[in-house]
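Colleague: So the chains spell out like this:
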Amino acid sequence: MVLTTGQAAVSTVVGSALGLLAAAGAVAAVTGRPVWTQIPPGRLGVTAALAVGVGLLTTAARLVPVLRSSRRAEVTTTRRRLERGWNPLWRRARLDFVALGVGVLVLAVNLFAGGLQQTPIEGQTLALAFYVLLAPIALWVGTILLAVRGLLALLDRLTRPDRARPLPNWPATALRWLGRRPARTAVALTLGALAVAFGTTVTAFTATYQTARTADRVAALGSDLRLTPPVDAPPPPPVAGVAATSPVREVPGQVGTDRKTIAAIDVPTYQQAATSRAQLLSGQGVEGLAQDPRGVLINKELADGFSVGPGDVLPVTVFPDDPLRSRILPLRVVGVFRAVAPMDPIAELVTSTTAIPAPPPAPDFYLVRVSPGATPATVAENLRRQFPDSTVTTLGTLVVPEQRALTALNLRGLSVLETVAAGLVAAVGVAVLGAFFVLERRRESVILRTVGAETAQVVTTPVVEGAVAVLGGLAVGIPVGLGLGLLSIRILALFFTLPPPLLVVPSGALLALAAVVILTSALALGGALYRVARQPAAAVLRDL
Amino acid sequence: MWWLFLRLVRRPLRRFLLGAVGVAFPVAMLGSILLYVDSTVPSMTAVALAPVQVEMRALAGSLDVDMTAAGRVISQVPGVLRVDRFATADVIVSAPGAAPTAARLFAVDADYLDHHPEVSLSPGALQAGAALAQPLRDLPGFTAATAVSISLPVPVQPPAPPAPPAPVDPGQPADEGAPAEAPPPPPPPWSITVPVGGTADLRQASTWYAVPSGEVQGDIAVVPRALVIDYGVFERSVLPALRVAAGGDSSWAFNPGSTSLPRASVEAHIAIDHAAYPTDPGQAEIWAGKIRRIIERQSAGSVIVTDNAAEALLLAKADATNAKILFILLGLPGVLVGAALGLAARVHSPRPSGVSRPCSSSAAPPAGSWWS
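From first to last, the protein sequence lines stand for chains W and S. Residue numbering for the first sequence follows the working numbering, starting at 1 and increasing by one per position. Residue numbering for the second sequence follows the working numbering, starting at 1 and increasing by one per position.
The set of hints was computed from the structure by calculation and includes no laboratory data. From a predicted model like this one, the values you see are computed outputs, not experimental measurements. Don't be surprised by glycine CBs; every beta carbon is placed ideally from N, CA and C.
Chain W is faced by these chain S residues, among others (derived, beta-carbon under 10 Å):
1) Ala-20
2) Gly-31
3) Ala-133
4) Ala-200
5) Gly-331
Pulled out of the complex, with its shape left as it was, chain W reads as follows (with noise of 0.2 Å):
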């Protein structure tokens, strides 16, 4: 027991320091920095903490059933063992229907308690509401052990004793003999299965986060392109490659007693020259600004707050500060909105310049939609070179000043990071096992060779067990990834401006992580049939 435990607790050593190693060698290739450039150095003694105590948790998982087995008779041991057949603990417990219950459990919880509601939820709130991820991990679990359970049943159906029939061929055969000894081929399937769904959901949350990250930015900008010109400017002329422009005014304005910003827009001209849809709660967007020129659409936050609705009248005190102007419009809101473009900067009220009282304020700036064929970089150069003392601002060159630190975050170093870990322990997982089973089948090669049996024969048993569980791993994995991507991606609507996408299925990624797995596998495979090809028989069968 102390020799075991001892082994145990150098081998945790040593393999926590190669973990925190790769562990920062992984870090650093992806941000270009060494780690403990970054971070300070507490920070990074704890994070060495948490990390080991998982290598800790890790051998004692492994440790604690090998003690406790050391304590029984080996007869008792082997009779449990004999008595019990291949009936895993999962199995046994049946964790993967406590899984999906505990997951399905998680969602509806969610759901009566009104589901992924973007306002008012922030600070704190927001990061209790993602409670609800807890449901694809243990989806995740179910899903993948069902899965499994259901093959392993299909498989003891078919190779049953008192079903048996002649066996046609190789491949049958190795069959038959995988639906009586499924162990092996079992684990490293599941955990094929386990490790490719784990990475394509975070292959698929990153490039929907990437896609909801633009659609944000492309709605705050509003159009392809911004003219910002200098405040006594006159309105633009016709330019080559802008196909429209349309004037947008910010003007301050007061409802009850809170400041607000109300976007002034030109409504025929910004129909023509805005790119990005307005998101709607109720009502009508710009087109009904059009019907009604006193009309004006606001956002959920204020129709909340002041308990109005299309249809409803809403005093507006317009420059509220500048005693020469202040005047209050009763203004009829016409639709709430979630978004309307342009969303930087922020305005809480769209309305029509009609709206206005006369001399409306000069335009802030000009939304600028480029002609089809042309694109917006070059239309870009054009403008800063008519108009050399304006601003041009461009998707890329654009800041948004009330851009949440959550929507700026770089996702691609996190996915690169946990696809190459998702795809190295699929990989991993399903080739060590499966060599492990080449290799611990030796003696069966070389007695199946000792009988007359060719190459082509001998190495297809652990050729089909080898597809199953990669191909298996990959074909359960992928779908169930993309499916619980789909539920993790919700939580983006909660602090993107514009609902995130249903899903971005990243092809490319999905394509790299089943070649990554496949290759892996096939390598070794082939170097654990190649050694055992090469040893000599009369050792292997002098062990027997």
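Take the given structure of chain W and dock chain S to it, following the hints.
Modeller: Same frame as chain W, but now just chain S:
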């Protein structure tokens, strides 16, 4: 015992290494996620601070405070990059042929413009006189004005000098025999005339229009008609008149109960070195609070410091927590599957040659397996 232990480690070296790799997988997974989170969070402080135009504002408690001296003290505080003098006042602006109009007067030093790109003035406008914001320029009479007169909305009444005590004869009534003195004529209203030096574009200068303190601190109160003059001119000409007009009423300069811009204010706009902030947003918010208190203490209570970056840092702090939770929940399955691989690889590794199984079938994994 040790020889046996060493032999057990060395002989089935592959099993030992496999055990180590099994531990390394979950450690590396969790370690890389946490390290990545730790290296990402500092970018949140930078993102939060980037749009802040003025990190802190030192508001004079009254118009009598010497902000030039206060600025010198503030600039000595560690982390303070620069201190710029700034003043505002509600004024009446008039020009020949134009009706007097209410406007907001801003005063800064010329080098303020070098550090604050959000304010755009015609070249040399401050040195030449006053820079008028376009909405003021657009008013009839101001478009072509070469000079404007600035006066205060409240007439400045110089305080009456105290009357010398007259000798009183106890036998005579006090008022008898003394001729009644006519009150002095009211002084002409205070005003100065400054040449128009150019145009000011203040559309992006949101800090200038932000309510500096109180419940609605940070609300933008836009007064479109505005003009900018040199701080030296303000200090010499306008500030004394404002002090007189305020008559010692400190609420002119600082009124935390107000929901609008103060009638006048003298301030120091404090730029804090972004590199001096701790990289963690939470730590940065705490650090900024300490700096704010240090500045207030060193100014001996004459100024009140408001932290314009505090709200952004608080949000970034909350977002940092959210990002950590998000990253960990996203990566947790990876840690679990890494640990499962470690266990499975260790348990299912082939026995060394010569070690026989209790049962010839490999259908069941060895005892102690997580799988068994």
